[in-house]
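Student: Please take these sequences and the hints and turn them into a complete structure.
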Amino acid sequence: MKTGLRNWLRNKVRRRKDQSDDKDETDASAGRARGESSSLKAGPFVSKDGPSNIEQGPAETRVPRGTAPQPLGPTEVTDTPTTSQESTTTGGAPSFPHEEGSSMKTGPTARTTGHIHIGQGSPEMASQATSKEIKEAPAPATPAQVVSSKEGGILNNAQGVRFEGSTTLNSTQNYINNYNTFVQPAKSSETDEELLKKLLPWISEINYHAIQADNFKKRAAGTGDWAFDDPVISKWLEGALRILWGVGMPGAGKTILSSIIIDHLTKKAKANQRICVAYAFARYTDLFTGDQVLGGLLRQIVQDHPSTLPFVKPMYLYHRFHDTRPSQLEILEVIRAIFASDLFDEKVCALDGLDEAFEATQVDVLDALANLPANLLLMSRPLPLLKDRVPDATFIDIILHEADIIQMIEDKIGHMPRLRNLLKKGDWKEKVVKAVLERSSGMFLVASLQLEMLGSCINIKSLDTALQVLPVGVNAMYEATMERINGGPAPELALRALTLLAYARESLKMDDLLHALAVEMEPFKYDSDLLVDPDTVLSACCGLITFEPETKLVRLVHYTAQDFLVTYLPKVGVDAEAMLACTCVARLQDCGFANYNGSIYHNNEDVFTHHPFLAYAHCNWAIHANSASLPPFVEEFILQCQQFPWKYPFLGEFYYLNSIQLAAACNFHSLLAQWLGLDPSSTTHPPPSPLDVNSKSANGCTALALAALCGHLKTVELLIGVQGVDTQCFDSYGRSPLIVASRAGHVQVVDMLLGVVDADHVNAGSQTALMHAAFSGHTDVMKSLLCIQGINVNARMPDTGDGQGDSALILAAWYGQLDAVQLLLGVDGIDVNASDWKYGTALAQASGKGYIDIVKLLLQQEDIDVNSSQCQKGPALMQAAYMGHEDVVELLLQQEKIDVNATRPDGHSALSLALEKNSWRPNKPGSKIAELLQAHGPQ
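Take the sequence shown: its position 68, counted from the start at 1, is 68 in UniProt numbering, and no numbers get skipped.
Think of the hints as simulated: they come from the structure by calculation, not from any bench. Don't take every hint at face value.
Stated by the list, open to error - Label-pair ranges, simulated between beta-carbon atoms:
(1) Gly573 x Ala210: 32 to 40 Å
(2) Asp606 x Asp863: 51 to 59 Å
(3) Asp863 x Gly598: 50 to 58 Å
(4) Asn792 x His936: 34 to 42 Å
(5) Glu333 x Glu402: 40 to 48 Å
(6) Gly573 x Asp679: 26 to 34 Å
On a predicted model such as this, the values are computed, not experimentally measured, just so you know. All residues carry an ideal CB built from backbone N, CA and C; glycine is no exception.
Tutor: This is the structure in structure tokens:
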């Protein structure tokens, strides 16, 4: 892979989230949403100091469309579903439901997230909030009657049993047992069709069907037919070879060939439901992670074969219940279980463009797919370092076939009336075919661009001249194409379009690009009268961009085009990052975002979908601005801001910031230094007035708190050096700069703040910084906090119920943070039996959640109370039995002091809870858990 923007994107995603480079962490600055487009005069973007160093861009990288990009800090659960039917959450660290925009509804179907609740107002007011509630329906009112039985389980090892509502044999049971039989309740009113509508987007938002449709449409009729006569490919299609890996140089037509083979396979699968075909495409514009790729494959399998629903449903119900997302391993195991079942006679997976994925993703996906019980097709450029991971793979070289070139020429000529007429004369068609074959270097991409060049010829003489100088090789072809663009009817439009696509941090839809091109460059202003039609842009770019009708995306024709452009554009004086920053800001300005009077909740679709390119601009303007010398136009916009809607990283809610708060949130530390008189260099504009470094947003956030939240180390360092800055202020939800930095895991910021705050401040607030670091799993932050003399490791959160609330240990156990639990257990004086009023001790809560490794750690503590029942839900054994965690129940029953017959005030025992039927939660009456409990004595 060439160096350049693609490598920059790859490197950034692996950088530490708390890295303090002044250009690394601007992603939390702009908010996240979805996108638009713009037009160019080179003047304002001529680089004064040469090309900008694109290797020093911000930490944010492009993300898959439909996935909200996350800022620096932990990924957090942000949803607060109101009913049990609508919980589709993302995993990671928790959010706080009583924070801005969250709703807490009660009633039989109400479900609230298992998060710390923070009330509004002062820290004292916040301390009255409930500590934690999980999504749940009411517990059973009376114990179920227990009938002791010495016989086997429900199925008695029977084979071939069908379950009600299921089309699969009980071969699903081994898999379902991994999720403690999260099977569909017998009397559910939700049909499979209704469930599928919710489940498919929950699995993945990636639509590989649409990508395949776009790729196959690019095929010239008849090309690639040779593949079905090739002996190696034929053997693989017949099943004689398990793994086939096609390798070829960039532009050799691998993706088109993949789409041809996939089309052949999917037609077979449509005619025979016993054949399962799943495919994926890795593309440089959408750098998916391993779990996203596998999720896209699983979605496709379930969508094409609804009979696989029983395999996916347990995982869906489990994670919906726990407010989590499945891991890559879980998704893989579901696919493996499906392929290992008796549903299909043939299973085929295909992955095109493996080389365009992240290096880590390449390894993850390759290892995963190669070990599935299915045949596998791979396409990529040569990747010699990965060959040993699939020793049983058969490799085949993908090279350009003359018949395909001739067929492609015929096809393209048919769409070029001028060239078609010229080639009717004499033997010029044969000459063109020969020249293209000789000079395309075995690359479809080059051959296609060469024909684009010949298409502009107006007579035989110009055609002859063009053939004489037909470029050889991809870079020479790109150079020649840029010369054509510069001599064409709309060079500025084309140059701006290419710049936008080469430097965009996300994929752009055609509408986004067109509206970005409608931004006038001087003065910078969006003007709808500048909108052009898609064909004008496509024509002006002379084949370097392509439009995909199914996905509506517009992209550069190949990733090699991006590699070329990030080298070419600075040479011709284009400051790409400054251009994109100004284009984004012009769109924001046109939509009134400097002083926004509306309300935006969770990426309000009405705001962003009705204004193309606005979402992209809102997400990325500060990223581009930080990657360039701050353009005066952007500085002027920041000064104008009084209520800029900035997206809070964890919850997805929008805060409305003034200019100094926005500058801090977006890491414009040099601008802040100039405003505060700490930098002698002059600014283009005077600082905002009044200049109050302690001014608060409506939610109580100061500039320092925002910078700390986003991990902007240089901005934090600058602000704490300002005389009179309040380093210990709390916002409306009881969070100080130290707390938000701890929660986000920015250890360097935490260390810096610990050097200026009072020791008492470390324990201040209804939720301490240690609590936030513990439930988020940031052990490096915890270590810094635990070094503070006098820190209260057993500080408790007040509850709305009777008794004390959560401690750092309880929170770490509840959220499954194994390393955090281990660290806290090593602290002298830690209270391992601290209990909250509802879910009890750390042991009880870890047991109820099924975190077996945490349960093992806690059971090793000498003074652990395995029967502690000072809570509503009962001791650890009850909670594990009720939630169906067989491994935890088995471990707890091995404890000498365990009380199997303990009951709650409502009369329930562990056994009655294990057998209780509830339509709202999965369960397994008569399961192994009941047998285990009965064996230990309860009647």
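Student: Could you run down the list of hints and mark each one as holding or not?
Tutor: Right, here's what the structure says about each hint:
1. Gly573 x Ala210: 32 to 40 Å: holds, 38 Å
2. Asp606 x Asp863: 51 to 59 Å: holds, 57 Å
3. Asp863 x Gly598: 50 to 58 Å: Since Asp863 and Gly598 have Cβ atoms about 56 Å apart, the given range 50 to 58 Å holds.
4. Asn792 x His936: 34 to 42 Å: holds, 39 Å
5. Glu333 x Glu402: 40 to 48 Å: Given range 40 to 48 Å: holds, Cβ gap about 46 Å.
6. Gly573 x Asp679: 26 to 34 Å: Holds, at about 28 Å.
Of the numbered hints given earlier, the model fails none.
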